[in-house]
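Turn these sequences into a full structure, and let the hints guide you.
Those protein sequence lines, which keep their order, are chains E and W. Under the working numbering, the very last position in the first sequence is 1535; numbers go up by exactly one each time. Under the working numbering, the very last position in the second sequence is 256; numbers go up by exactly one each time.
If you are wondering where the hints come from, they were derived from the structure by calculation, not from laboratory data. Since this is a predicted model, take the numbers as computed values, not measurements. By construction, the Cβ of each residue, glycine as well, lies at the ideal position given by its N, Cα and C atoms. One or more of the hints may lead you astray.
List time: in silico DMTMM-like cross-link candidates among lysine to aspartate or glutamate, alpha-carbon distance up to 25 angstroms [said to hold, decoys possible]:
| hint | chain 1 | residue 1 | chain 2 | residue 2 |
| --- | --- | --- | --- | --- |
| 1 | W | K33 | W | D98 |
| 2 | W | K100 | E | E1409 |
| 3 | W | K122 | W | E86 |
| 4 | E | K1313 | W | E86 |
| 5 | W | K77 | E | D1406 |
| 6 | W | K80 | E | E1403 |
| 7 | W | K100 | W | E74 |
| 8 | W | K100 | E | D1294 |
| 9 | W | K80 | W | D111 |
| 10 | W | K77 | E | E1321 |
| 11 | W | K80 | W | D13 |
| 12 | W | K223 | W | D241 |
| 13 | W | K238 | W | D204 |
| 14 | W | K223 | W | D13 |
| 15 | E | K1293 | W | E86 |
| 16 | E | K1329 | W | D98 |
| 17 | W | K100 | E | E1310 |
| 18 | W | K121 | E | D1406 |
| 19 | W | K80 | E | E1310 |
| 20 | W | K80 | W | D61 |
| 21 | W | K80 | E | E1321 |
| 22 | W | K33 | W | D13 |
| 23 | W | K80 | W | E30 |
| 24 | E | K1313 | W | D241 |
| 25 | W | K121 | E | E1409 |
| 26 | W | K136 | E | E1409 |
| 27 | W | K80 | E | E1409 |
| 28 | W | K140 | E | E1471 |
| 29 | E | K1293 | W | D111 |
| 30 | W | K77 | W | D98 |
| 31 | W | K33 | W | E74 |
| 32 | E | K1512 | W | D98 |
| 33 | W | K121 | E | E1321 |
| 34 | E | K1313 | W | D111 |
| 35 | W | K122 | E | E1321 |
| 36 | E | K1387 | W | D98 |
Estimated spans, in silico, between C-beta atoms of each pair [to be verified]:
| hint | chain 1 | residue 1 | chain 2 | residue 2 | range |
| --- | --- | --- | --- | --- | --- |
| 37 | E | R1309 | W | E123 | 22 to 30 angstroms |
| 38 | W | M116 | E | E1530 | 52 to 60 angstroms |
| 39 | E | I1508 | W | D25 | 32 to 40 angstroms |
One-letter residues, chain by chain:
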Amino acid sequence: MKDFGQYVLFLGSLFVRRETFKTYYHLVLEECIQIGIKSTFLVMLVASFMGAVTTVQTAFNMVSPLIPNFVISQVVREMTILELAPTIIAIIYAGKVGSSMAGGIGTMRITEQIDALEVMGINSSSYLVLPKLLASLIMYPMLVIIAGFCALLGGYLVGSLSGIISPTDYIYGIRFSFNEFTITFALIKSVVFAFLISTISCFKGYYTQGGALEVGIATTKAVTTSVIAILLSDYFLAELLLNK
Amino acid sequence: MIRINDISKSFGDRLVLDTISGEFEKGKTNLIIGASGTGKSVLLKCIVGLIQPDQGTVFYDRRNFSEAGKTLKTEIRREIGMLFQGGALFDSKNVEQNVMFPLDILTTMPLADKKERVHFCLQRVGLEKAASKMPSELSGGMKKRVGIARAIVNNPNYLFCDEPNSGLDPQTSILIDELISEITHEYNITTIVVTHDMNSVLGIGEKIMFIYMGRKLWEGSQQDVMNSGVKELDDFVFVNKVMKSLKAR
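Written out as structure tokens, the structure reads:
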């Protein structure tokens, strides 16, 4: 509970004694490149294979001749949009970006760089964390959209090339009985996950004490806590937005 | 001038600073000395506001820093330059960007003026050719000198140095000490240096405060430090054979 209280106070500190808009504008752009653009390749790779594997495994489980082939791509679509793209990619994002945030800020703490900012009269938490949070909120939903597209494309390529499903059936299944709200749901999840990953990781890094060993511990804790937060919020969002 | 009144600080049950009072004069290199773990750095951090003391007040030229609101605190902090033990340079910025950082954040100077000021400061610390280097490419002494350049770039009224020559060879230590002393006199600023290095004490210490087990045990000038008559200070000052032979003479 003490940690949670500290986390809430930390979030509050992000929005007081801020620097100028121009300062944040440049920092947010830099962070967008660091955490968004530089994660694109990994996200595309993981998502493509996720889509491909989901297609093969769904086809493997479709044993009844009464079920039409296009159901395979329908299942891939639903799994991708509802869960794989926002949630699995969030876990990967926590491992790649979250650990980098916690490690970077933790190192700044133990090498007195954060103290140097404070001595200059700069609100260090706002200066360091707010740009990362804003960049995450902008870039992560985009990564989820890219991931969804790549997963569906990966499924299409593997399905067509291996003869599991014809391209026509795949496209038909993708479009069949499509509920647009699933996209909205995925984007809501992506915003919530981006917020949790960036703030939890920065929080763990910001309060690091000690040396290199403690930075490592903080990084591990950042990823573990982020993943737990992702899974819990995933369940609550599903209950809240999908349960009729 | 900086004045501190009855500064106390505990961490859990451990009393680290016990009602320390004193004055640090303008235009002088004020030294806080003492053995490792006596609370020197904690005192310095209490003075600059990085650690909140349990009791006591800090005055910056009659401005009460301890009870100041956020605006006044920020205003005072923007008059402070600080050199940290490890330099505390920002890893992602090169030397020029590190030194320019306070100007970028705290001023609205045009870029050309900022560059001119940065190069003047780098020249002042003898590092004008290292402007494009990253902190990872610098030696310990160079990092300290860049730290000094960053600390003075905004024309501070107060300069704080936390163990400026820790981890440096004696020659570089003297160079850093002399630089701090020269800057203090040149710009007529209030400088506080935390150190346990006797070379610094004898070289640049104009006003010295000796801290022992969290308490101020002695205060005086460079000339008095050799004949203080305080046993704990004598134990600290005359710890090696060279110093002992100096005292015997």
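Each hint tested on the structure:
1. The hinted pair formed by W:K33 and W:D98 fails the criterion: a straight-line CA distance of about 33 angstroms is larger than 25 angstroms.
2. Straight-line distance between C-alpha atoms of W:K100 and E:E1409 comes to about 18 angstroms, which keeps the hinted pair within the 25 angstroms bound.
3. About 20 angstroms separates the Cα atoms of W:K122 and W:E86, which keeps this hinted pair within 25 angstroms; it holds.
4. With a CA separation close to 23 angstroms, the supplied pair E:K1313 and W:E86 stays within the 25 angstroms bound.
5. Distance check on the hinted pair: W:K77 and E:D1406 sit about 17 angstroms apart at the alpha-carbon level, within 25 angstroms; holds.
6. At roughly 20 angstroms between alpha-carbon atoms, W:K80 and E:E1403 fall within 25 angstroms of each other, so this suggested pair holds.
7. Annotation: proposed proximity of W:K100 to W:E74 is violated, straight-line Cα distance about 35 angstroms (limit 25 angstroms).
8. Among the hinted pairs, W:K100 with E:D1294 is inconsistent with the structure: their alpha-carbon atoms are about 32 angstroms apart, more than 25 angstroms.
9. For the hint pairing W:K80 with W:D111, the CA-to-CA distance comes to about 20 angstroms; that is within 25 angstroms, so the pair holds.
10. For the proposed pair W:K77 and E:E1321, the alpha carbon gap of about 29 angstroms is over 25 angstroms, so the pair is violated.
11. Of the pairs offered as hints, the one joining W:K80 and W:D13 holds, with about 20 angstroms between alpha carbons and a cut-off of 25 angstroms not exceeded.
12. Among the hinted pairs, W:K223 with W:D241 is consistent with the structure: their alpha-carbon atoms are about 15 angstroms apart, no more than 25 angstroms.
13. With a C-alpha separation of about 18 angstroms, the suggested pairing of W:K238 with W:D204 holds against the 25 angstroms cut-off.
14. A hinted pair counts as satisfied when its Cα atoms are at most 25 angstroms apart, and W:K223 with W:D13 qualifies at roughly 10 angstroms.
15. Among the hinted pairs, E:K1293 with W:E86 is inconsistent with the structure: their alpha-carbon atoms are about 35 angstroms apart, more than 25 angstroms.
16. Distance restraint check for E:K1329 and W:D98: the Cα-Cα separation of roughly 19 angstroms lies within the 25 angstroms cut-off, and the hinted pair is therefore satisfied.
17. For the suggested pair W:K100 and E:E1310, the alpha carbons sit about 19 angstroms apart, so the restraint of at most 25 angstroms is met.
18. Under the criterion of a C-alpha separation no larger than 25 angstroms, the hint pairing W:K121 with E:D1406 is consistent with the structure, at around 23 angstroms.
19. Proposed proximity of W:K80 and E:E1310 is supported: the alpha carbons are some 15 angstroms apart, at most 25 angstroms.
20. Distance check on the hinted pair: W:K80 and W:D61 sit about 18 angstroms apart at the alpha-carbon level, within 25 angstroms; holds.
21. For the proposed pair W:K80 and E:E1321, the alpha carbon gap of about 30 angstroms is over 25 angstroms, so the pair is violated.
22. At most 25 angstroms may separate the alpha-carbon atoms for a hinted pair to count; W:K33 and W:D13 meet this at roughly 21 angstroms.
23. Proposed proximity of W:K80 and W:E30 is supported: the alpha carbons are some 20 angstroms apart, at most 25 angstroms.
24. At most 25 angstroms may separate the alpha-carbon atoms for a hinted pair to count; E:K1313 and W:D241 exceed this at roughly 55 angstroms.
25. A distance of roughly 21 angstroms separates the Cα atoms of W:K121 and E:E1409; the hinted pair therefore holds under the 25 angstroms criterion.
26. Note on W:K136 and E:E1409: the hinted pairing is violated, with a Cα-Cα distance of about 29 angstroms set against a maximum of 25 angstroms.
27. Taken as a hint, the W:K80 and E:E1409 pair is honoured in the structure, with Cα atoms around 11 angstroms apart against an allowance of 25 angstroms.
28. A distance of roughly 52 angstroms separates the Cα atoms of W:K140 and E:E1471; the hinted pair therefore is violated under the 25 angstroms criterion.
29. The suggested pairing of E:K1293 with W:D111 is violated, with an alpha-carbon distance near 37 angstroms, which exceeds 25 angstroms.
30. At most 25 angstroms may separate the alpha-carbon atoms for a hinted pair to count; W:K77 and W:D98 exceed this at roughly 29 angstroms.
31. At most 25 angstroms may separate the alpha-carbon atoms for a hinted pair to count; W:K33 and W:E74 meet this at roughly 22 angstroms.
32. Annotation: proposed proximity of E:K1512 to W:D98 holds, straight-line Cα distance about 23 angstroms (limit 25 angstroms).
33. At most 25 angstroms may separate the alpha-carbon atoms for a hinted pair to count; W:K121 and E:E1321 meet this at roughly 22 angstroms.
34. Distance check on the hinted pair: E:K1313 and W:D111 sit about 10 angstroms apart at the alpha-carbon level, within 25 angstroms; holds.
35. Between W:K122 and E:E1321, the direct Cα distance comes to roughly 22 angstroms. Compliance with the 25 angstroms bound is thereby established for this hinted pair.
36. With a C-alpha separation of about 20 angstroms, the suggested pair E:K1387 and W:D98 falls inside the 25 angstroms cut-off, and the hint holds.
37. As the Cβ distance of E:R1309 to W:E123 is approximately 29 angstroms, the hint placing it in 22 to 30 angstroms holds.
38. For W:M116 paired with E:E1530, a C-beta distance near 54 angstroms keeps the hint of 52 to 60 angstroms intact.
39. At about 33 angstroms, the CB distance of E:I1508 to W:D25 agrees with the hint of 32 to 40 angstroms.
The earlier numbered hints that this structure contradicts are 1, 7, 8, 10, 15, 21, 24, 26, 28, 29, 30.
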